[in-house]
Structures are given as structure tokens and as C-alpha cells.
Amino acid sequence: MRAVSAFIMMLAASLVASTAFAHGPTRQKAFETITIKASPDAVWAKVRDFAQLQSWHPAVESCTATNGSEVGSVRTLKIKGGGELVESLEAIDDAAKKFSYRAKDGGALPVTNYSSTLTVKPADGGTTLVEWRGAFYRKYMNNDPPKGEDDEAALGAVTGVYKSGLENLKAIMEK
Amino acid sequence: MKRRLRCRLCAGAVLVALSGCVLAGPLAYITNQGSHDVSVLDVDAGRVIATLPAGRSPAGVWVSEAAGRAFVSSPDSASITVIDLATRMPVGDIRAGRSPVGITVTPDGRRLLVADWFLHRVLVFDTATQAQLGEIAVGSAPAGLVAAPDSRTAYVANRDDNAVGVLDIAGLKQTSTIAVGNHPFALELSADGRTLWALNVYSNDVSVVDTGQARTVATLPVGKAPYGIAFSEDGAHAYVTNQQSDSVSVIDTAQRQVIATWPSVVYPEGVAVSGERLLVVSWMDDLVGVFDARTGRQQGTVALGRNPRGFGRFIHRSAAAH
Numbered sequence: 001m002r003a004v005s006a007f008i009m010m011l012a013a014s015l016v017a018s019t020a021f022a023h024g025p026t027r028q029k030a031f032e033t034i035t036i037k038a039s040p041d042a043v044w045a046k047v048r049d050f051a052q053l054q055s056w057h058p059a060v061e062s063c064t065a066t067n068g069s070e071v072g073s074v075r076t077l078k079i080k081g082g083g084e085l086v087e088s089l090e091a092i093d094d095a096a097k098k099f100s101y102r103a104k105d106g107g108a109l110p111v112t113n114y115s116s117t118l119t120v121k122p123a124d125g126g127t128t129l130v131e132w133r134g135a136f137y138r139k140y141m142n143n144d145p146p147k148g149e150d151d152e153a154a155l156g157a158v159t160g161v162y163k164s165g166l167e168n169l170k171a172i173m174e175k
Numbered sequence: 001m002k003r004r005l006r007c008r009l010c011a012g013a014v015l016v017a018l019s020g021c022v023l024a025g026p027l028a029y030i031t032n033q034g035s036h037d038v039s040v041l042d043v044d045a046g047r048v049i050a051t052l053p054a055g056r057s058p059a060g061v062w063v064s065e066a067a068g069r070a071f072v073s074s075p076d077s078a079s080i081t082v083i084d085l086a087t088r089m090p091v092g093d094i095r096a097g098r099s100p101v102g103i104t105v106t107p108d109g110r111r112l113l114v115a116d117w118f119l120h121r122v123l124v125f126d127t128a129t130q131a132q133l134g135e136i137a138v139g140s141a142p143a144g145l146v147a148a149p150d151s152r153t154a155y156v157a158n159r160d161d162n163a164v165g166v167l168d169i170a171g172l173k174q175t176s177t178i179a180v181g182n183h184p185f186a187l188e189l190s191a192d193g194r195t196l197w198a199l200n201v202y203s204n205d206v207s208v209v210d211t212g213q214a215r216t217v218a219t220l221p222v223g224k225a226p227y228g229i230a231f232s233e234d235g236a237h238a239y240v241t242n243q244q245s246d247s248v249s250v251i252d253t254a255q256r257q258v259i260a261t262w263p264s265v266v267y268p269e270g271v272a273v274s275g276e277r278l279l280v281v282s283w284m285d286d287l288v289g290v291f292d293a294r295t296g297r298q299q300g301t302v303a304l305g306r307n308p309r310g311f312g313r314f315i316h317r318s319a320a321a322h
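Protein chains in written order, with my numbering: chain A, 1 to 175; chain B, 1 to 322.
These are computed hints drawn from the structure, not numbers from a lab. Just so we're clear, the structure is a prediction, and the values are computed from it rather than from any experiment. C-beta atoms are modelled at their ideal positions from N, C-alpha and C, and glycine is treated no differently. Hints may be right or wrong, so weigh each one.
[Stated by the list, open to error] FRET-style restraints, in silico, Cβ to Cβ:
1) B/Ser318 x A/Thr35: 43 to 53 Å
2) A/Thr66 x B/Val91: 51 to 61 Å
3) B/Pro149 x A/Ala123: 20 to 30 Å
4) B/Ala218 x A/Gly125: 31 to 41 Å
5) A/Ala91 x B/Gln298: 15 to 25 Å
6) A/Gly68 x B/Asp108: 54 to 64 Å
[Claimed, not checked] With the C-beta cut set under 10 Å, the calculated list includes, among others, these residues of chain B facing chain A:
7) Gly34
8) Arg56
9) Glu65
10) Arg297
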């Protein structure tokens, strides 16, 4: 019975998605940085592998990718405690030490139309600045979103992903 | 009492200074969707001279010198803020549908058109009385709007239909549609009204529409997610911001060819040309980049409010006259 009603809800949701709107009108952004006492080359070597997010992000259980760190590769992230994220690599630039990826649907995150860029930059005294930026819309696709699917929820979730990831990356690299 | 008088005198002096000789050049009105306000930028001085309140999440903007007003759309409060160009002060607030985003004013300054995103219609207002005259049923997720030189016809990007709708403003009708690329958002029209440019966010290209033939006659690949377009003052070049490539594509409008791609700000959106300056709004970094419109060389940046968009024509060219 429960499965049936869940299925009906899913169906209803997909109907809304196909007949209505790709996203709400107000795009949100998250932008987090951290300074790491390690060389930019070392930090880039750690983060550039699109298929190895679990090696530095504490929320990721496992990661599989269709084509490693080549543009177009699609990775599936299993999140600790349940949930999945499917993201595609849009661009990677070893010279500039940055890559961009996007997720059409938020999966485990309460967002839609999510794109993100991670950049590794040299900072003072041989240290490294890592910037993680994301642009996304809330999960709810019309006006008057319920709690948990509103702008605040979307912003809080993505900010949380970036903060916890960067802090753990720093801890690993400075070990 | 005395103190209050002195304050009033001060305020008067500031107003005179702002509206008189201090301002030498054009002004830009840039919507800040995250801080719910509008930055007024003195383009030549390269500084923000005022920050005006708007509705919730302002996105679209259209400066109409013919109407003597700038209009700003705020989707989350379903309202249009009216700004007087002479005093640079908000003078009105219009209720506008459910979720107004795209916005334009006819060249004669008499009609304001607003795309009501969620309800698939374009609302028509009288700019003088601010009264709504009617609505036009259009395609799915209407976004960018622009009116023809005769002020009788307008075009709307029906984003989720991959088409442009041709609107009869007085008749309140969408009379035809023209197929363009995938997910058109922003539109611009050549000064003579003959060529319409539609920016296709998903197919990463620009559809060039011959308005006389009512069909797409060329498709120009640009960077990822083209989001904003502006012409040089002589119309010879079009500048297209590529939101996901952090770049600007420069198009020779006569040859219909991309002749250069310049690195730009992060997440570029709104764009405008003022003389030989190219202004590019960075949604991500909360600033506007100032570039040489001939060479693409960056001349500086000016900080704005949060999540700036500048979706529409946002330059008031003859601000010096006031």
C-alpha cells in the first residue's frame, strides 16, 4: 500500500515536471573556500580525480564513474546514510587547476539544475586556496515552496557539502 | 529644530549635487536578486552612486528613456518597481501576475510588457497610468521580451517550447511562433527591427531570426549557457555572455559570425555596452566587470549587491542631460 502511494506520488511529481517548469525562478549560490598548508600541485592531485570523491569527502560512501576524469564522465555517488547523486564532468583544466560538473536533478540534495566548480589556487607562503562554488535552484519548482524544499534548505544543504568536504580535505592534506 | 533644518539643507545639497553637474555620464541600473535591490552605477566614474530597494528577488530590468522610467521585475514578490530616471528614485510598485521575470518597454515608451513565467502569459501595462490593459496567452515559460521599432509587435522567448512568440500588443494576441534552438532565454532585436537574436541556453548557440521571413536563418555556436546579449552602439557587434564558460562571444552582426571569445567574469549574465566600455555582470562574484569593448581587455570591476542579474537593457545613456 505504501509502495503504491509512493509510486503514485512519484508519477504525480514526474507529470508536474514534464508539463510545467524546469525550476523556480530564483537561482541560489554557495561559495566556500579554505586555505590548506600543502602545495597546489599536491591538493590538485588529490581532488582532480572525478571518480574518487570518497577519498576526501566525508559524506561520500562510494563513487563510480563511467569514464574517469574525462569530460562527459558520469559519476554516481552513494551517500553515507542513504541517497545518491549523479553528476557529469563538464570541464576540467589541469593548467588552471579547476573542474566543473553538473547534476540535472539534485538526487540526495534538495536542489535542481545544480552546477559546481572546484578551483585550486596558489596562496601565500606555498599554501593553497581551494574554492568551491555552486549554482542551483531549490527543489520545489513552483512558487510557495514547502519547508525543506525552499531556498534556505537548498542553500543549507549545498553549503554543508562544501564546508564538510573542504574541512576534511584540509585535515587529510595537512596530516 | 535648528538641527533638523540643517539636515534638510544637507539632504537638499546632496540631491542637487547628484542630479546636477557631478554626474557626467551614463548610468547602469543592475538588479541584485540576492539582496533585493538595484545598484545604480555611474559608468564613467566606475562607482555605485545609489542602491535602490526593489521587490523580492529582482531579476529583469528595462530602462526606457522614452518613458523616463526604469522598470524592474521581482518574481518572488510578483511586482514591478518603477524608478524615475530624473531623480533616480523608486516612484511606483505594480502588481504583476504570479512570477514576473522578462520585461520590456515599447520604443515609444507607452507600453510595459511583462512575462509571467509560471502562468505562460505576457501582461501588458500602460506606462503612464501603470494600469494593466490585458494579457496575452503565450507559450511555455516565457522569458526574454523585446518590442519592435513600431511599438506594435513584440517577441517573447517561450523557453520550454524552444520557440519565439510573435505578439500583437494592441490585439493582445500571440499571432505566430518561430522555432529557435533549445531553451531560449534572452532576446535582442537589431535597431532596424529586422534581425532577432535568441540565446539558447541548452544548445549553446544563438538563433538569428529574420523577422521579415519569420524564420531562423542562421545558428551560431557560442560558449556554454548563453544568457545575456548587448549590441555595440553602432550595431556592428553583438556581445553574448556564456554563463557556464565564464566568457563573452563577440559576433560580427553583418557577417553573422563569432569573431572572438574573450575570457570574462565568473558566471556572466547581464551585459551592456556604453560607448567603448563593455559591462558584464558577474552573478557569482557580485560585481560588474568593465572591459574595453574593442579589445576585451579588462579595465576594472565594481562591487554590486548579492547575486546580480541585470537581465534586460539596463543602461540609461543620457543621464547627463538631467
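Quiz item: Are glycine 34 of chain B and chain A close enough, Cβ to Cβ, to be under 10 Å, as the hint says?
Solution: holds, 8 Å
Self-check item: Cβ distance range 31 to 41 Å for alanine 218 of chain B and glycine 125 of chain A, holds or violated
Solution: violated, 53 Å
Self-check item: alanine 123 of chain A and proline 149 of chain B - C-beta distance against the hinted 20 to 30 Å
Solution: With a Cβ separation near 53 Å, proline 149 of chain B and alanine 123 of chain A fall outside 20 to 30 Å, so the hint is violated.
Quiz item: Within 54 to 64 Å or not, the Cβ separation of glycine 68 of chain A and aspartate 108 of chain B?
Solution: holds, 58 Å
Exercise. Verify the interface restraint on arginine 297 of chain B: the C-beta must sit less than 10 Å from at least one C-beta of chain A.
Key: violated, 20 Å
Practice problem: With chain A as the partner, please determine if glutamate 65 of chain B meets the hint condition of a C-beta pair closer than 10 Å. | Solution: violated, 28 Å
Quiz item: Does the hinted range 43 to 53 Å hold for serine 318 of chain B and threonine 35 of chain A at CB?
Solution: holds, 47 Å
Self-check item: Range hint 15 to 25 Å (beta carbons of alanine 91 of chain A and glutamine 298 of chain B) holds or violated
Solution: holds, 21 Å
Practice problem: Using the Cβ atoms, figure out if threonine 66 of chain A sits within 51 to 61 Å of valine 91 of chain B. | Solution: Between threonine 66 of chain A and valine 91 of chain B, where Cβ atoms are some 56 Å apart, the hint holds.
Practice problem: Using Cβ atoms only, decide whether arginine 56 of chain B comes closer than 10 Å to chain A, and label the hint accordingly. | Solution: holds, 8 Å
Comparing the model with each earlier hint shows violations of hints 3, 4, 9, 10; every other hint is respected.
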